[in-house]
Amino acid sequence: MIKRIKSLTWACVVALAACGPAREVEPNDSYQQATPLKAGRTAVGTIANAKDADWYRLDIAAEGVLSAKIGGIRDVDFVISAFDKDRRELVRVDETTVGGDEQLLSLGVSPGVYYLVVWNKNPAANNPKQEYRLVTKLDPAAGRERQPNFTALTAQPVDAGGTVRGWYWPTRNLLVDDPQAQGVDHWFSVDVQRPGLFLLNVDVSEVRKVDPILEVYDTNGYKLVSVDQGGIGEGESLRSFGVRGPAKYLLRLRSKYDNVGNPDDPFDLMTELLPYQGRTEFEPNNQRADATPLELDSIQGTIAPAGDADWYKISIATDAKQLLRADLSGVTGMDLTLTLKDTLGNDLLVVDNMGKEQPEVLTGYGVTKGDYYLVVTEKSGKKADSRNGYTLTKKLIPWQAGLEWEPNDSTATVQGLKVGDSVDGYFAPKGDVDWYEFNVYQKGPIGLDLTGVINVAPKLTLFDQEYKELESASAAKPGDPVTLTRELDRGTYSVRLQPSDPAQNNVRDKYSFRVIAK
Amino acid sequence: MRRALPLAAAFLFAACSAPRRADVTAPAGPAAPVRLAAPEPAEVKDPNFILVVSETVPNPDDDGVSFTKVFVDGKEAGKTAVGRKSEERTLKLKLPPGNAPVRLEHWFLPAVGEWTRLDDSLQPRERFVRIEDGSIARLELRFSEDEASNALTLSRLPAGL
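First to last, the protein sequences are chains A and B.
Taking the numbering used here, I'd label the letters of the first sequence as residues 1 to 518.
Taking the numbering used here, I'd label the letters of the second sequence as residues 1 to 161.
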């Protein structure tokens with residue numbers, strides 16, 4: 001019985017010993033002498049002298065993410081290094097000075113042997129008695145960053161549609177020789193395997209103290225986009241970035257400022273890959289060559305990053321004359337501008353009628369067969385918001401006699417009318433001037449009638465065929481009509497219609513203008 | 001031998017003057033449309049009306065040929081020479097003084113087919129032009145967007161330029 005009690009006691013002691021911290025076994029100054037340490041366990045040791053380096057050998061059984069933290073002790077400036085089975089140094093962490101803790105986070109490990117080495121950097125260290133504790137932890141690899149992924153070559157593949165958690169830690173890559181290039185980049189790769197067009201959305205969560213920058217590269221190393229909208233402690237978001245499959249794209253995430261990180265708060269990197277269906281912009285669409293085709297009636301986009309210009313291409317295949325109308329919704333905190341451009345990218349019309357958070361309307365512009373571009377920009381060029389988007393709606397209306405045909409804002413592009421005709425048009429956008437021309441084949445009195453439009457006090461000016469002003473008439477107040485009657489000889493006459501104040505406009509109500517033989 | 005030489009010469013002459021084989025074998029029936037160019041306008045002395053026609057052609061492949069006819073008071077008064085669309089073509093005319101409606105009619109040669117009159121809806125608008133002594137009326141017509149739109153401007157130059 002006593003024998004059985006003794007053996008039970010020993011078994012308990014052994015079991016307890018197995019549960020407690022592993023004590024280093026000196027000498028453990030090289031990988032051959034490394035003290036075995038189970039991943040997830042704690043090691044206890046001492047820094048016997050300033051040059052002491054304690055090697056620990058970890059036999060990893062499954063894929064995972066290894067973390068290690070060592071508590072600081074007096075006199076000692078700790079450094080933690082991780083090596084693979086071939087003694088290739090994978091990561092080195094040295095973020096604090098004498099007496100400080102060191103922490104290695106997110107080391108990606110596969111089944112096999114790894115080494116953790118704890119060493120001191122302070123040549124004057126003399127604290128051979130005080131024990132340090134090296135706490136390790138092994139987590140499942142799923143959904144975690146796996147360092148070292150500090151270069152494009154070692155980018156970690158991530159599944160689009162998932163989340164990866166990591167830390168902006170360490171803040172310096174000490175394995176790079178150039179001290180000027182020791183910033184730590186976190187590289188991930190997204191493999192778009194299916195052929196076709198897709199939209200990539202990437203969100204990076206906020207982390208205290210860190211101002212992140214997210215960049216997208218292609219496999220040739222060309223930077224496609226850089227997102228840096230948020231500040232310190234804010235996240236980043238890339239929306240509707242167009243990618244073509246099959247191809248691989250690289251994401252580079254880093255802290256904007258050197259030596260800034262956070263070992264306590266992780267970042268979450270969320271990726272999403274959606275088939276492109278023409279309902280949203282296809283970034284990058286910042287220039288004519290990359291314009292997103294606007295084939296459906298409406299499309300959604302965002303102004304991000306700051307200074308973003310979204311180009312949309314409208315291809316008109318028919319020879320028939322049509323009027324292009326476009327409505328752009330407002331965005332919180334932004335003053336948007338809509339510009340219509342021709343096939344070469346030259347401005348045809350700039351629509352900037354309204355102010356902040358208000359919609360813009362292109363009331364109608366005459367288009368024929370060919371390509372046109374609508375460009376959405378933010379007026380200040382300094383704002384960005386990837387979460388609140390705008391909707392751009394287009395409508396093509398067959399032109400018919402009796403409708404205004406923009407551009408008719410000069411004598412060169414004047415719109416022809418016949419005596420007896422009427423035409424409906426808009427005093428829009430802001431600063432709009434409309435010219436009409438008619439021929440009088442028989443001398444007689446001619447009346448010019450212009451209906452009133454809310455918010456506009458129009459002015460009507462009659463010119464002869466040499467563009468000499470003959471007469472003008474103005475509305476007494478906004479909304480009032482204008483009429484003018486005059487005896488005219490045979491000849492060509494032009495009429496200029498414009499608001500008395502260039503700031504007046506009305507994108508909702510049309511005016512009606514008639515030329516009548518009295 | 002004496003006879004052979006004149007015979008050979010006569011044969012040769014006949015061969016040169018005879019229609020080509022293709023012409024001979026052309027099928028009978030209605031005459032095929034002819035891709036004729038407009039004749040060069042004659043030089044006018046002391047013109048009082050100048051028409052200048054030009055066109056924006058973004059793509060060199062679309063740089064076909066065209067010409068423009070001028071109708072004054074409903075009657076054809078002249079036409080520009082045929083030229084590349086991208087080239088500026090000028091027509092100088094001496095018109096009787098007075099204020100008369102001038103209509104321009106633009107024609108172009110498509111890649112396949114015959115001379116085609118530009119659709120009515122795309123033709124420049126008719127307008128009155130006053131012809132008077134001491135000045136030249138300069139009417140400038142500029143097409144753009146593949147002839148889908150045009151701008152017509154009238155200016156006046158001192159006579160004798």
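Calculated directly from the structure, the hints in this document are not laboratory data.
Ideal Cβ placement from N, Cα and C applies to all residues, glycine included.
Please note that a few of the clues may not be correct.
[What the hints assert, rightly or not] List time: in silico DSS-like cross-link candidates among lysine-lysine, alpha-carbon distance up to 30 Å: (1) A:341 to A:379; (2) B:94 to A:313; (3) A:383 to A:459; (4) B:94 to A:38; (5) A:468 to B:94; (6) A:443 to B:75; (7) B:92 to A:468; (8) B:45 to A:418; (9) B:69 to A:443; (10) B:85 to A:341; (11) B:94 to B:45; (12) A:382 to A:209; (13) B:92 to A:341; (14) A:341 to A:383; (15) B:94 to A:248; (16) A:313 to A:418; (17) A:430 to A:443; (18) B:85 to A:369; (19) B:94 to A:443; (20) A:137 to A:321; (21) B:69 to A:418; (22) A:369 to B:69.
[Stated by the list, open to error] Just a sample of chain B residues kept apart from chain A, beta carbon distances all over 12 Å, derived: (23) 97; (24) 107; (25) 124; (26) 125; (27) 127; (28) 146.
Hint by hint, here is what the structure shows:
1. A:341 to A:379: holds, 17 Å
2. B:94 to A:313: The hint is violated at about 47 Å.
3. A:383 to A:459: The hint is violated at about 38 Å.
4. B:94 to A:38: violated, 106 Å
5. A:468 to B:94: Cα-Cα ~25 Å, so holds.
6. A:443 to B:75: Status holds; Cα separation ~22 Å.
7. B:92 to A:468: holds, 25 Å
8. B:45 to A:418: violated, 36 Å
9. B:69 to A:443: Between residue 69 of chain B and residue 443 of chain A the Cα gap is close to 28 Å, so the pair holds against 30 Å.
10. B:85 to A:341: holds, 23 Å
11. B:94 to B:45: holds, 8 Å
12. A:382 to A:209: OK: residue 382 of chain A and residue 209 of chain A at ~23 Å, within 30 Å.
13. B:92 to A:341: Roughly 36 Å separates the two Cα atoms, so the pair is violated.
14. A:341 to A:383: holds, 23 Å
15. B:94 to A:248: violated, 70 Å
16. A:313 to A:418: violated, 35 Å
17. A:430 to A:443: violated, 36 Å
18. B:85 to A:369: Roughly 18 Å separates the two Cα atoms, so the pair holds.
19. B:94 to A:443: Holds, at roughly 26 Å.
20. A:137 to A:321: It is violated: about 71 Å lies between the C-alpha atoms, which goes past 30 Å.
21. B:69 to A:418: Cα-Cα ~22 Å, so holds.
22. A:369 to B:69: holds, 25 Å
23. 97: holds, 14 Å
24. 107: For residue 107 of chain B, whose nearest Cβ neighbour in chain A is about 17 Å away, the distance exceeds 12 Å, so it holds.
25. 124: violated, 9 Å
26. 125: violated, 4 Å
27. 127: violated, 4 Å
28. 146: violated, 7 Å
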